[in-house]
Amino acid sequence: MSEPLDIVILGGGTAGWMAAAALVSLVPPARCRVRLIESEEIGIVGVGEATFPEIRNFNDAIGIDEAEMMRATKAAFKLGIQFVDWGFKGSRYIHPFGVHGPVGMDHIFHHRWLRARRLGLKWDLQDYSFAAQAARDCRFELPETRRTTIDSAYTYAYHFDAGLYSVYLRGLAEQRGVIRTEGKVRDVVQDPETGNIRSLVLESGETISGDLFIDCSGFRSLLLGKTLGVGWEDWAKWLPCDRAFAVPSERDELSPYTRSTAMEAGWRWRIPLQHRTGNGYVFSTGFIDEDRAAASLMRSLETKALAEPRMLKFQAGRRLVNWEKNCVAVGLAGGFLEPLESTSIYLIQVAIMQLVPLLPCKSVDPRLRDEFNRLIDLQYERIRDFLILHYKLNRRDDAEIWRYCAAMDVPESLTRKIELFRHSAIIERYKDGLFPPTSWLSVFLGQGLIPESYSPLADTMPGESLLGHLDAFHADILDRVEEMRRHDRFIDLYCAAEPSAVPMGAEIRL
Amino acid sequence: MSRRIEQVVVVGADAPAWMAAAALRQSVSAAGIRVRVIELPTLLQPADVYSALPELAGFHHRIGLDESLLFSLCKAVPMAGQRFSNWSGAGPPFIQGYDRPPPVAAGLAFTQLWIKGRQKGLRTDFENFSLAAMAAKAGRVPVPTQDVELRSTFGYNIDAAAYSALLRNFVTRGGVETKMAGIAELELDGDRIAALLLADGERVEADLFVDASGPQAALISRMPGTELDSWREWLPCDRMLVASAKALKPLPAFGQISAFRQGWVGLFPLQDRTAVVAAYDSRQISDQDVVDSLPALANVPISGDAVVSSLTQGIRKRTWVGNCVAVGESAFSLEPLDAVQLHITHYCISQFMTLFPVDASAFREAELYDRIIRRAAVNLRDFQFAHYKLNRRFDTPLWDGCRELAPPETLQRKLDLFAARGRIPLYDDETFQEQAWESLFIGHGLMPQSYDPRVDAVPEQEHIAQVQARLNDIVGQVEGMAPVDEFIAGVNSEQLQRLKPLDEDVRHLPTRTMTENMGAD
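Residue numbers (my numbering), protein chains in the order written: chain A, 247 to 756; chain B, 280 to 800.
Each hint should be verified, as a subset may be incorrect.
Said to hold, decoys possible - DEER-style ranges, computed between Cβ atoms:
| # | chain 1 | residue 1 | chain 2 | residue 2 | range |
| --- | --- | --- | --- | --- | --- |
| 1 | A | Ser445 | B | Ile743 | 34 to 42 Å |
| 2 | B | Gly454 | A | Gly336 | 49 to 57 Å |
| 3 | B | Gly755 | A | Gln421 | 37 to 45 Å |
| 4 | B | Leu527 | A | Asp717 | 57 to 65 Å |
| 5 | B | Leu352 | A | Glu674 | 38 to 46 Å |
| 6 | A | Glu286 | B | Leu684 | 56 to 64 Å |
| 7 | B | Asp404 | A | Glu479 | 43 to 51 Å |
| 8 | A | Gly309 | B | Gln563 | 41 to 49 Å |
| 9 | A | Arg649 | B | Glu484 | 29 to 37 Å |
| 10 | A | Thr661 | B | Asp404 | 45 to 53 Å |
| 11 | B | Gly453 | A | Glu674 | 40 to 48 Å |
To be clear, the hints were calculated from the coordinates, so they are not data collected in a lab. Glycine is no exception: its CB is placed at the ideal position from the N, C-alpha and C atoms.
Start from the sequences and build out the full structure, keeping to the hints where you can.
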């Protein structure tokens, strides 16, 4: 029987504890042993309070009960993201976690809608998205599993306190055998020949050895960046925001969507949780100074602030590779993309879930490492392009940042996508990574890019029929949404962190 | 000035032309777009066979063709896969079956369980865990059942001339105007075809021309910048021979592909005969020598004449130029191996329909089409080349050469990762999914060195139970399948309708993510 792989995770927070929890839950101790080093002294960024639907796969894989997790993290549901003032001031649209149109018609539906618009149809495309309607109306129920009804046409994610999530995972991970060591790293010992990391020396003098090191040290990238010298690919020219202020405020209406509001030098997030609202202003110091940005955020809060704003510095970009030698970066140590589409936790998850099947046996096999890097490259690139799209497609003229972004050159792969959609309403599909066509569609149209034409395949039905079908479908959606429970009520019944006055019972339709 | 497409002309012969015309008629005729076919002389010989993947049934379903006609009119035989012999020297033959991929879900691929089992002493061959391969070995026809984890369905061998005639009939009775003619000249206007000048003098104008003429590429080859990028360096056979032998009794459920010193010879059972196809390298052996040794190579007596032709594997530098789009082998062609020939046409047509141009004065969709087709072509080429790369014959320069050749990077990654961990990296636009690549690699003797660590979390008893359960499930399912002759005798339209489309009911499983849920495929 060969020796287990010794894994050392540097850093706690969401990245570290997600990695620890996954490894200890999925791989037996005979195969790998997991140690995590973190320091209470080092502040955790507390990134990503909104998530992406894939998080449910992660939780399932680890065996987390949804309602229990939501109670522990004071979570609420998320059906999508509402973008306010991005296309132009006064505009708002929803990027839903669901298709537009009936299930199974994804390829053709928006072409039919485009044609119908020319025939006089008034409704927006998102009026045909069940998820968007439910979100706007503050409703929530768990989706149907049979893939033929309106109510199967969506999925969902969570808003949660990421700090509480990582505490929750830490409890689970330690219970399942992860050894936690409190301390800060003073030195990194490398093998003189290969350059592999051999051990970490803590300030206490303790030395911790390992075969594989997972760098969750945040922006410092202590192992991958500083020790192994993996270079940085900067994306600031496309994504100019380099700071964020975060501030909690009192609980507000529990809407089942994240709101992103474009501001004078960036954008503001609003994330409703059971116990409070998370707020933040992601901005660029190239277009506003820190003090003015803080003031702008505080002024725009919808409810009373519960603390002083906390500032974070960052840069958009990534390490050239996320797995070098025997070190894998997870989370901010590997790269950063602003939370405009709630992808921070997703990138953590994807790194972990791609790493697990490719875990080396004892020493690193470059073939496994190369595959990991190939997959992570695709993930980063695709998210990056989608975020740039939001900025590029703005039609605001009222602030320098918006003029800059509208005029900037963007990656060729993105230009092609924009131009093809503009010309033919076609959305390119790809296999790995985010985002599916429905997402691209909602942002293209939401920010005002109306295609010049549509597929002739949508011309086959007589116009009257088409309008009739669309009317009927729209009415169906409205009817069904009206029957749905209100989101705050659903939370009360399903996963209230505080006990509710109303007892749980047969009222729950799951 | 932007304007809609009004008239499409399909140029070609045989199944590809009729497939293109049928798809167009189905999708755009009701929008008022006129479809016309200029039918070139057939390239088919009486002995020709089309060996087709199960996906073809989806195409028939979409165009509204009654599948039972393949069996009643085109001598079709259902195929569970193909058996490869003599590619591995003394190694045993293996079957590449048409297993369907399991639904995307959490949980380990069974292959990973098998790899660990193997390391722990499990002696049962990988092939025994393939439903399609076991059906093939038992001479039975796999059809989809309620079991979503373990499912397979059949491909076909079809008489080529009869199938072309069937499709031609289907298309013309559907109202598509057809004319048999030769093309004298293309009248070009920059990078667009202004008109075709037919041999009989007619001048044919259209907004869009579809080249479905097979490897002769009657239209696309005359457009600027469309030279053929040859793939001869990977796929060494440049000659093909087709002949017939007697029908096999009882009918087997697989095609037989046997390597020989200078190429390979395939037996493709049909209802009334067996099509014999040989592909070989003319640098190593002459046409005459192949004809003479064919009965020995194929191990069956040959009836009638053998016809030889050229194979030119490769891809056009551009597959859609101006108002001319190549679908099928006019865009790219490979060897008649792995039943890809009709699939190439099917795939091109499907992609083209999703990119049907919106403006007859500017074909901006062409660039994406070209990229997609190129990716699909490379993946298929890699699949075929993998047979050659992994060969373990040491008897001739042809086989040594292929084995020693550094593969394209796309294939090298697959080989490397599979050798390391038993996983297949899939790219965009792959025809063959994990299980097809796995059975190819393992069949040719490539054994993974390690397995997914999550397998170690499965207790040994549970592991054994899962392995046993799968074997039992397969035996049970195969027992319920009809033998080939019985299947053919009992075929009727209604029964076949119920079997297709292939994966519809799999979508009724709960899904969790954006990409699964939102129709990505």
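Subject >> Hints that the structure is at odds with (numbers, increasing) >> reply: Hints 8, 9 and 11 are the ones this structure does not satisfy, whereas the remaining hints hold.
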